[in-house]
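All chains should be modelled from the sequences, with the hints used to inform the complete structure.
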Amino acid sequence: MKTERLTRIVWVNRVLLSHYRRHPLQAIFLLLGLTLGVALWSAVELINGHARTSYADAEQFLGADAHFWIRPTGENAAVSQQDYIRLRRLGFVELYPIIEARLQTREQDWLILLATDFMALPIADAQNNSSETATPFVGDALAFMTPPFQTAVPESLASELGINPGDQLTLTNGQRLPPATLQSRPQQGERLVVDMAAAFEVLNRDNFDYLGVTKLSASREQALRQALPEGLILTRNQQSLDLQELTDSLHIQLAAMGWLAFVVGLFIVFNAVRFSLWMRQATLTTLREMGIGLDDLALAIALEALFWSVLGTLLGGGLGFLLGNLLLPTVSSSLGSLYGAIITPTVTLTARHLLQAAIMTLLGVTVAVAGPIWLSARRSIRQQQHQTLDQQFQPRQLGVQSLSAVALLGLAALYYFQIDSVSDGFVLLALVLFGSALSLPPLLYGAFWLAARSMPASWWRLRWAMRDAFAQLPHLRIAMMALLLALVANLGVSTLVGSFRIAFTDWLTVRMSADVYVQSATLDADALLTQAPLKVQASHARTGLNLRWQDRPTEIRGVNTQAPDMRSLPLALSEPNALSQWAEQGHLRPILANEQVHHLAGVNLGESVSLPTDTGTVDFQVVGFFHDYGNPYYAFYLPKATVSQYWKNAQPMGLAIWLQDTNLQAFEPDLLDAGAEPGDWIDQRQLMSVALQIFERTFAITGALNTLTLGVAGVALFAALMSIHQQRLHQYAHWRALGVNQQEWLLIVGGPLAGMVMVTGLLAIPLGAVLSALLIADINIIAFGWSMPLNWSWHPVANLAILTTLTLILTGLTALWRVQRQLPNALIRLGGTA
Amino acid sequence: MKTAIALFIGLLCTTAVADNEFNLLRSDASGFTQVSPGLELSFPADHLPHPDYRIEWWYLTANLTDEDGQHWGIHWTLFRQSLRPEPDPGGWQSTQAWMAHAALSTPENHVYDERFARGGISQAGVELTAEGRFDAWLDDWQWLGTGTEPLPGTLVFTVSETRVELDLSSQTPWVLQGDNGYSQKAPSGQASAYYSQPHIDIAGQIQHNGNTFQVTGSGWLDREWSSQPLAPSQPGWDWFSLHLSSGDALMVYQLRDTQAPNTLNGIWVTPDGRFSSLSGDQITLSSKGETDVSTRAGTRKMPLRWSIEVPAHKVDIEVSAPRADHWLDTLFPYWEGPVSVTGSHQGKGYMELTGY
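Quick note, the sequences are listed as chains A and B, same order. Start counting at 1 in the first sequence, then tack on 1011, and there's your number in this note's numbering. Start counting at 1 in the second sequence, then tack on 112, and there's your number in this note's numbering.
Hints are computed from structural coordinates only; laboratory data are not their basis.
Here are some chain A residues the structure puts well away from chain B; computed CB gaps all over 10 Å:
| no. | residue |
| --- | --- |
| 1 | Arg1236 |
| 2 | Asn1248 |
| 3 | Trp1270 |
| 4 | Ala1441 |
| 5 | Arg1478 |
| 6 | Ser1550 |
| 7 | Leu1582 |
| 8 | Leu1740 |
| 9 | Glu1755 |
Distance windows between CB atoms, simulated:
| no. | chain 1 | residue 1 | chain 2 | residue 2 | range |
| --- | --- | --- | --- | --- | --- |
| 10 | A | Thr1246 | B | Gly244 | 40 to 46 Å |
| 11 | B | Asn323 | A | Gly1351 | 45 to 51 Å |
| 12 | A | Thr1246 | B | Glu277 | 31 to 37 Å |
| 13 | A | Arg1696 | B | Ala242 | 56 to 62 Å |
| 14 | B | Gly244 | A | Thr1064 | 51 to 57 Å |
| 15 | A | Thr1357 | B | Asp313 | 57 to 63 Å |
| 16 | B | Gln182 | A | Thr1357 | 49 to 55 Å |
Idealized CB from N, CA, C, for every residue including glycine.
Laid out in structure tokens, this is it:
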């Protein structure tokens, strides 16, 4: 009995699937929708997951646990070898030395060089892992640790810099790094690694920047604290936790874009499934007439759905993996430059990823298949025989859609006042987007109905075209909704990025007004300023330290209140005379904070902040908030004297110099004379370009995802047009038989299409503006704490208009070509059936 | 004869190690000084490092007993390796590298640790202190002589939170292995400089799991340096150092050979320190079956029971390891642990099995 049923279902399945042999395009579109949607979504998930795993890696250093750091304080800029060896000989074998140096190559690339003693590095879990992973001696260890040494360069960095194995990078000071070898150690990220002996030689040093410390029990931690010499402090490595918290917003934003792409992809699937079922209605009816029960039919369709989802999983998951690897470098470089997160350069495909992709495709197919099946399964055989696709779409449905649209938008309006997290913000965006999308079909109907009515009777061709829109709309409404979503998202995000670019550039121009920035351990700043008074117009030497406030990394900066960049400090929000109040430092201890303190920590103007100082917690009154784009941390500015009063261990933080005439080359000899070394300074132009580079990189991923989503929407439109013509071919044959010529046909069929796209595009403009306003005024502030004015530009609108028109023409031409090719056949069949 | 050799190889290259971790012992030693016949050892100078030779070690094993009669086994080794045959510039670019192993056979388990350090930066070394005392150390593991000699001296180390502090002394002279300290390892000429102290009296304490145990017993120190001690066809060796109840000490080792008969050597030391070398034809060494030993890489079959016959000294004994769990999964893994002696003589000792 059971085998009989099985055979029957297999047989039904073969009948059902045979449809795709005659209509391979439908199969292709179905798969394309599934694959693209799932691929984009899973690429983003993969990147997010990978980045989050890498944050856990922040508790490790090149394969060794790094639960604590030992850092120098106060006057000590480094950890001496003597102190390190003394601690080792006291039995603190949990320690290992680290140099982390920022270098500039002769080609002006900035690179980070890491060095440690690989003989002493306590590789984690050496006792539990296999000896291959546990051994510190990866690769040719002897060559790595003996002259002429080697520089481990990750492959991605090597190809970016054009480095071949054996090449030696030359630094601005003329020193050459050891020959490159292409290899990447755990947590190396996009950084160079050399042995400590090589670093000492290249950097001309004999001390360490800090020490790494593996896991410590409470008693060991206590013992180590007591054994530490004056000038060294033990701090817990909290980077992993910090990274998870700080990058959360960025990941939510990426995830939101992934979901958008998935939904747009789903629209294609939905359309394709609807069509394929509709076209197989005759088959379904015949099957039922032959006595196949509804349950068997449903099972067979479910099996077909399963077939598509398995295929979709493999293709979507695989493509997502490729795409993830393609997009990862962009994401990791922005995570690196914004948050200092080290992301390993390749994403690996995991079972979990494939499972996720499978769940998503299954979900997609189910959503797309369930509705149509439900409808067609419930109809009686009789009804089905006489149904055309036009009738599937009824005014009642229009009403439901309009009501849902109004409901969603109303909900969005209410929700707007409730948002206080990034996730909330995206829920709001989803409500706005889908509310708008749902309102599109009723709007289109209304527009065409009005257009047709308002035309004089003599314009019959145009009126025909307007009425033809009603025949096309059922097929195209989903594609139009997808297009609307993609256009709105694109406009919104372009405006956000554009506004941010303008705000950021303006801000940089004010903040980086000095001509040259010097960061040097050897420079005698006083000597420089006294020796070249005629060349220097102004200077600004800052001090600073990092501490934790509200459980986040926080920067305290001691600044010169009279320096040019401070006198014109752009404040987002301030009390009257904030700058002069702050410079004078009255008894309320006025302080300036970055606007992150306002938006993320919830501190208002005039309120006090309690900061941990050397002598305990001290209250400062916030008199102004300054813009601090790109900084993930809280930051406070105080006059230099105040900082040194409360924090003895504040360090020099570089020197900014305004020159009398901007000829830096003439000033360089003075810098050298005062003890600075080549490579210790950077001019304003270079610094600006580095900052802007980081900015562009950060938004490259957004741009890429946006374009891809628009591409998916283009495919949705194309797929819909293809099916529509397939289905209406016999109609066109009728028209042709009635004497409608090609131009007339184009007008009647193409006119409404162009009209629909136009209405969609026009609707996308205000919606895009609303979206960008929400992104800039709400979500961006909640996510990063950066406020900026909205800068509307017609540029992206024009771009999108051109892009959409091109897509339209392309799909239109292809459709036309196909119709032309198939029409003779259709005419013959028409003759046959007539 | 020691594992030691094997171990350092790791420093050299993993690709070779992946094949066989003992490759260094067979590789071309050109550039390094070779141990040659006619060698003359002089003390205390030869207790200190010989950086012109590729490898060298200070290797102590000991069987101790606490007040409750419980057995404790000690195995502590400092290895030195010359990374390249050129004058040592010292500092961070030093040609010297150090590795140490410490293993402890407690009444209930076997714990061990390994450490590495580069030479030239004072993290590890063997030298005379400013006061002229023998000092061999890596981090806080330290063997400190009271004078220029390692004996008498103290050995202090911590492994897996168990702290060991031992006073070491001996009344008998150094035992020169092979031909006056020249120890040939293969017919083709591979050799090492090799001397030992088989009669070390030990007293000290072990702090373990919150208790302090007073321990006494006897230990065996091996000193060896070489530039190429193994022939390419020798995959490993079996080494035994035994303290017999008669007060005599017996050392036997065989270098297994895949292409020639195994190289078999030994030495017999009387309680007052007189010694005579044993050649291969004076010794019969045979394995009495294999035991499963669990390692990280899976279960291995190891010969943990042996029979040794030395007719010249009326020795016909069975040597067996009471506990199989003495596999060291260090960077270069091997078996090393206490053994007990039965048969014509009773006794205790240490056994080392490599290349399995």
